[in-house]
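Chemist: Just so you know, the protein sequences line up as chains X and Z, in that order.
Going by the numbering used here, the first residue of the first sequence is number 1158, and it counts up by one from there.
Going by the numbering used here, the first residue of the second sequence is number 1158, and it counts up by one from there.
There's no promise every hint is true.
Said to hold, decoys possible - Quick list of in silico lysine to any residue cross-link-like pairs, SDA-like style, CA-CA up to 25 Å:
#1 X:Lys1224 to Z:Lys1252
#2 X:Lys1289 to Z:Phe1263
#3 X:Lys1289 to Z:Thr1440
#4 X:Lys1224 to X:Asp1360
#5 Z:Lys1289 to X:Arg1271
#6 Z:Lys1252 to X:Arg1271
#7 X:Lys1289 to Z:Thr1613
Since the hints were made in silico from the structure, they are not lab data.
Protein chains: 2
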Amino acid sequence: MLRSYLNGQWRTPIDDGRPLLDAATGDEVARISGEGLDYAATLDYARTVGGPALRESGFRGRAGMLKALAKHLTEHLPEFHELSLRTGATPRDGKVDVDGGISVLFVYASKGARELPNGNVLLDGETELVGKQGTFGVQHVHTPIPGVAVQVNAFNFPVWGMLEKLAPALLAGVPSLVKPASQTAYLTELVVQRIIEPGILPDGAVQLACARPDGLLDALTGADLLSVTGSAATASALRTHPTVAGNAVRFTAEADSLNCSILGPDATAGTEEFDLFVKQLVTEMTVKAGQKCTAIRRAFVPAPLLDDVEAAVRERLGGVTVGHPAENVRMGALASLAQRDDVLAQLGKLTSAGRLVHGDPERFDVVGADAERGAFLPPLLVRCDDPDHAEPHEVEAFGPVSTLMPYRDAQQAVAYAARGAGSLVGSVVSADRDFTREVVLGAAPWHGRLLALDHTDAAESTGHGSPLPHTTHGGPGRAGGGEELGGLRGVRHHMQRSAIQGHPDLLATLTEDRS
Amino acid sequence: MLRSYLNGQWRTPIDDGRPLLDAATGDEVARISGEGLDYAATLDYARTVGGPALRESGFRGRAGMLKALAKHLTEHLPEFHELSLRTGATPRDGKVDVDGGISVLFVYASKGARELPNGNVLLDGETELVGKQGTFGVQHVHTPIPGVAVQVNAFNFPVWGMLEKLAPALLAGVPSLVKPASQTAYLTELVVQRIIEPGILPDGAVQLACARPDGLLDALTGADLLSVTGSAATASALRTHPTVAGNAVRFTAEADSLNCSILGPDATAGTEEFDLFVKQLVTEMTVKAGQKCTAIRRAFVPAPLLDDVEAAVRERLGGVTVGHPAENVRMGALASLAQRDDVLAQLGKLTSAGRLVHGDPERFDVVGADAERGAFLPPLLVRCDDPDHAEPHEVEAFGPVSTLMPYRDAQQAVAYAARGAGSLVGSVVSADRDFTREVVLGAAPWHGRLLALDHTDAAESTGHGSPLPHTTHGGPGRAGGGEELGGLRGVRHHMQRSAIQGHPDLLATLTEDRS
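With the rest of the complex left out, here is chain X (with noise of 0.2 Å):
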């Protein structure tokens, strides 16, 4: 039976809870409540006990809190790894969410380190005088929200998706209250089990709600952000609540998205090019099953490379084999049954704009499991030849899928890649810096982070699909409209901007450290 973490104490639910099953066997691993809790205290607790403790510190402070905490969990891979098997992540996937999530505390353990003083105000600019005999100017600062950090995460990440929230929200200031999917808690349990031991974090700072989120939302007030990754119909939802809404509480939100990738006309077979573009293509696809916010669901190449490109994709994914996460297989299953049922059924609704040209969902090879009982699916990719459909540009299958297109220039690879209406990134690879210019800028604006890749960058490059703790992760519109990380840039995400006008000798003040 999973726990809460709250006020302080571990909370055993009461009821029987329902059963999560892995993904690969379809076992049981752990039962989860299905009760609400007194969701009020619980953040009355973070605000009143949690982000004052934490704010006893100062940025440096909270910087080495997090040093502490990254290293400590580093201590804990093995069980870690263990564990997120049973979401049916394999080793590969589980070093993505685990390791990658530990590396966000590291990230922003250094930074906090090397870029952030004492105390707890952050200048914003420079003080600017307003008037002509130096007495009177604005000097615009961030201070800590003195609320809470509700986090709703995704099923997807159980780890990673945790930690990327909670690290920005510690190193700020302010206390969090995790609420994991139900699907993988019992990872995202174990992880904050871990946290909670050492003592490293001061009481309060974080909390787990391995629960029913009923009358979460109508605990928040103006001074709290809430900020959620998942669907767009989550975000929506938690978007228009009454008390969200009438509070104004802060939110942003990171939904999936119709992320595009962008072969250049330059790259024809052959080129270094051609090849980055087809192993990322392939890579984005089976990693964490194609279960990725940022997976490219929309691979645009130019016409006449079409059929090249097809060949040397569906040639390379002929070589991924399916199976238990823990028997050396290229691609595990997905999290759940359902969703599995959900990728076939908006498979269905690409296929009637294309045409499957990889991939059987009703035959294909399951190594050392049994593909009834776990969520298994081979790498599906289809071939769009007319991207005027709407469907390749609106329906999103969240799994081994992708949408093979063809376009005529950069003009009409920016319309495409806009009609995805907002992504949280898209990629372009081609070794013509004219060409990625063009259509990096063109598409920047319906995006909140581009990857330009050829022969020049591929050896450094994270990929098209990693969202690094220095670059700034969300998008517009059909990406929730949200942004989290970019260095420090999440860290003010979490704080409140506010002009202070007076005298610059005043001002010169806000930032001195009297703690």
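Knowing the structure of chain X, use the given hints to seat chain Z on it.
Modeler: Showing chain Z alone in chain X's frame:
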């Protein structure tokens, strides 16, 4: 009959509309249509004609447009001021609205010319290398949103309210649709005529809707921005509109709030700060007849000074004349009889927690106008000796009304300030910089702007109630949770931030001006 300016032409409605009355005399000034418009076509025109045309020019070209526009409008000051009187605004009030609005254009013109590059791309921070070989990095950039800025304005500042939203949008390269509040839309319409006439702006850059808003929000996409000034209820209704929420339309609200002013314990009667506090409070109660979202609603005074402050404020209020705005009075009329009724209803709630110590809404002199036909009120001062009551912190009378309250120490002053649950602005009046610093930093997370006032900066201070183009305007929670202005921050609000990853040589080309 007020016209709309849509798709490059002025459109006269065919219905009879409803009358808009002179605030001081009750005479009809204009009529406004009760029909809707084809908003989808209007927004499409902005996105496909106005936006691209604006972005042809780059930041500096657009800064030049703003300057030319500001100069042109300055030539028309007399007619604006004459019409402004009919809104109930005195000539002094009119200067805040009209001249203040034009000065926003001048400031943005100047900032654009001095601080922005050519082209349409703004860097956000520096290029950060991620790999060790120096072949891969990230550069965050801002690019103009490819949509429309839909600007829903309030009745109290028909000129400034429009121009403070328009200036940053135009400089960013984003076309606007202006939706004025009905009551004072005639003044907005006149100014928009003068904006359009000289042909300084490209077609589609500014459109005006003097009509019912039905269908407007339904036509918004994730590429657009909706900014609203008005009541918290209006803001919440717009924020939760299914299309706005579902498409994650960028949203910013600026709502009336319970702004506070805090007198320092050092500022006893006879000190310069005591006088500054009293004078500023009276100014904020009477300018625009207190119809300012930034006006001081809660005045906090050290308990031992409460009687002295009350006496001084009452004395000063005693000299305030009320009447027809053309009659050289200190205070004009509220915008409408409905507003007056609303203020009186709110006053009733406030006096349940305190007592009226100055002004009698049933008995006061009105100079040069009929007290019944015009929307007049005298300045009304409430004293509440127990600030633990909820009303002074929650009930806003949007007129010449403030509540005087005692506090004990800096910590309690901060706590009381926070009970406004988020405000646009607060001020601290004290020569004790330690006290000021403590209150400013404590209150900052609850405020969008804070003014520190004392004898050293008073001569150049721009005052509690005036958001400068240089300072952010907006506030958390009750104040709407939004942000406008703040110099170039306001321009970036109209742009999408994207993390661009790639080889540093490519990243360096992003801001090259190739126009």
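Chemist: Hints first: check each against the structure and report whether it holds.
Modeler: Okay, the hints, checked on the actual structure:
Between lysine 1224 (chain X) and lysine 1252 (chain Z) the alpha-carbon distance is near 55 Å, which puts this suggested pair outside the 25 Å criterion. Annotation: proposed proximity of lysine 1289 (chain X) to phenylalanine 1263 (chain Z) holds, straight-line Cα distance about 17 Å (limit 25 Å). Of the pairs offered as hints, the one joining lysine 1289 (chain X) and threonine 1440 (chain Z) holds, with about 23 Å between alpha carbons and a cut-off of 25 Å not exceeded. Between lysine 1224 (chain X) and aspartate 1360 (chain X), the direct Cα distance comes to roughly 18 Å. Compliance with the 25 Å bound is thereby established for this hinted pair.
Proximity of lysine 1289 (chain Z) to arginine 1271 (chain X) is assessed by CA-CA distance (about 18 Å); at most 25 Å being required, the pair is judged to hold. With a C-alpha separation of about 48 Å, the suggested pairing of lysine 1252 (chain Z) with arginine 1271 (chain X) is violated against the 25 Å cut-off. At most 25 Å may separate the alpha-carbon atoms for a hinted pair to count; lysine 1289 (chain X) and threonine 1613 (chain Z) meet this at roughly 14 Å.
Going down the numbered hints, you'll see the structure goes against 1, 6, while the others check out.
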